[in-house]
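K.L.:
Based on the sequences and whatever the hints tell you, model everything.
Chains as they are written, first to last, in our numbering: chain A, 1 to 281; chain B, 1 to 297.
Treat the hints with care, as some may be off.
To be verified - What the simulated footprint calls covered on chain A by chain B, stretch by stretch (three residues with Cβ under 8 Å from a Cβ of chain B suffice, anywhere in the stretch; the number is not a length):
1. 26-39
2. 127-139
To be verified - Partial selection, computed: residues in chain B whose CB lies under 7 Å from chain A:
3. R71
4. G107
5. R219
If you're looking for bench data, these hints aren't it; they were derived computationally from the structure. Glycine included, every Cβ here is placed at the ideal spot set by N, Cα and C.
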Amino acid sequence: MSTTATRRPARGAIVGSPSSSTALGAIVRRGLRDQRRAALAWGGGFGAFGALMVAIWPSLEGSMSELVDSYPDGLKEAFGIVRLDTVERFVDAELLSLILPMALAFLAVRCVVQATVGAEDRGHLDTLLSLPVSRRVVMIASVVVTGALLAAILAVVWALTWLAGTVAGTGISASTLASGLGNVWPLAMVFAGLAALVAGLAHRPSTATCVASGTLVAMYAIDLVGKLADAAEPLRWISAFRYYGSAIQQGFDVGHVAVLTVAALVLTIAGAALFERRDVL
Amino acid sequence: MSTAVIETDRLSKRYGSSRGISDVTLRVRRGEVFGFLGPNGAGKTTMIRTLLDLLHPTSGSARVLGLDSRRDSRAIRARSGNLPGDFAYDERLTGRELLAFFAAVRGRRDLGVAQALAERFEADLSRPLHELSRGNRQKVGLIQALFHEPELVILDEPTSGLDPLMQEEFLRVAAEQREAGRTVFLSSHDLDEVQRVCDRVGIVREGRLIAVEEVAAMRERALRHVTVRFADPVSDGVLADVPSVEHRELDGRTLRFRVRGEIDGVVKALARHRVEDVEITRPTLDELFLAYYGRPS
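P.N.:
This is the structure we're talking about:
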């Protein structure tokens, strides 16, 4: 056999440079296939935790309000704890106030960093960028895949928690639970965008992860301190957690969701532009 | 239309602690196999990565397939294939999955000549990359660079890790690319490999292009080490009258010397004697640099 052929385009080829959307679609599809297990593992883990919480709710229901009443006011304010008189509020306090948003924000950082700076570190980016695909598309694809992964995890958590709550006869509201979980997505995506921004500058995955995760922790701390100390309250506006709130207690705040979504978009676009401009080492 | 497929004008790239490349001006013609020869760390990979826009030039410019290497980088990569020096990708993928993914990114509906190449290189596309040896991974790397039959193939140390039989097969494939009118830019530190397949060679040292020569002319200039063991005693002046012979050393019935250029006179002179054994060694890269540069690399 010979690989020689006429100089006409080979059969099956699309003449010229394929569009960015073609490359983006292919990379996103590949990324989604790669993340299937992560969606099940993370979704299953947090879903099991949520299911456990709602399953034990009937046995705690009577005593939780008294317990919460005994907490100091400052503590309740800092952690957004109100009366735990419904199963949704209990899930909010146990899962959505700290654990899930922090974990998913960290996962978002990890996903974007691994698909960009991590790929550069492992030499995969040299191979991928031998194809007709821009660095900007690689970055955007990593954020799109991260967004889809987070949505899938939240969907699994919602399904398991709602199912357990229904089986346990708690009367859990599917829509309230969905709004509480859905509220986590834009917050985590801000940190996906932040990771994109850092990846646009850093060449080492450890540096990018440390900077983005450090900012995540710092933002949480600023928001917490701002709630506890009036002097630090004005600083809260720079923290993404300031716009997170609690969709279960206060309803879905469209304004805050918009702020977080726009922040995520701006950070991603800036990160993609920086990534396009810098060398791949 | 320009006949240059790659054209650089004082292209330089300096970064970090790397020497990079400096003022490289080069023209690679359409339809030739061009060797980019130099020792490790000479700047070969930096040159390729700059042509592909993985690295942005510090100064100078490059045009590939008539397009600006920075502004039209994506279009260049659509029309070319590249094997990175250290080919690596997600090791969970099989060769076939990797090729299917790359075909999708390239907007292709099929795997082109991938299967035929796999048969020639005896590559197993059904196993995940992590289960493959370095040489077998390199075969997948070669296939992904060639399967879409690009106008320009850029290969960084392509035979690295391949066994001798597969190296031969690769050289045949490279020659076929030329026959099909395609251009091959091949980076290597192996003089023998470059001389066997390339039409012209650019020699790079410490980031600078020090010579571009036709391979035939390079062979003329290149020296070979020859050791001849005669069956009978010979006189001190044996082969002394052959112009291409230098540095003769006679030790009993064994004569060691160097041949620069034409070897025909040596063969004819040896034919006058009974010869038990002849050993010819090609020059090392250092010796080649000596020939061009007056000092080793």
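K.L.:
Looking back at the numbered hints, which does the structure fail to meet, lowest number first?
P.N.:
Those not satisfied are hints 3, 5.
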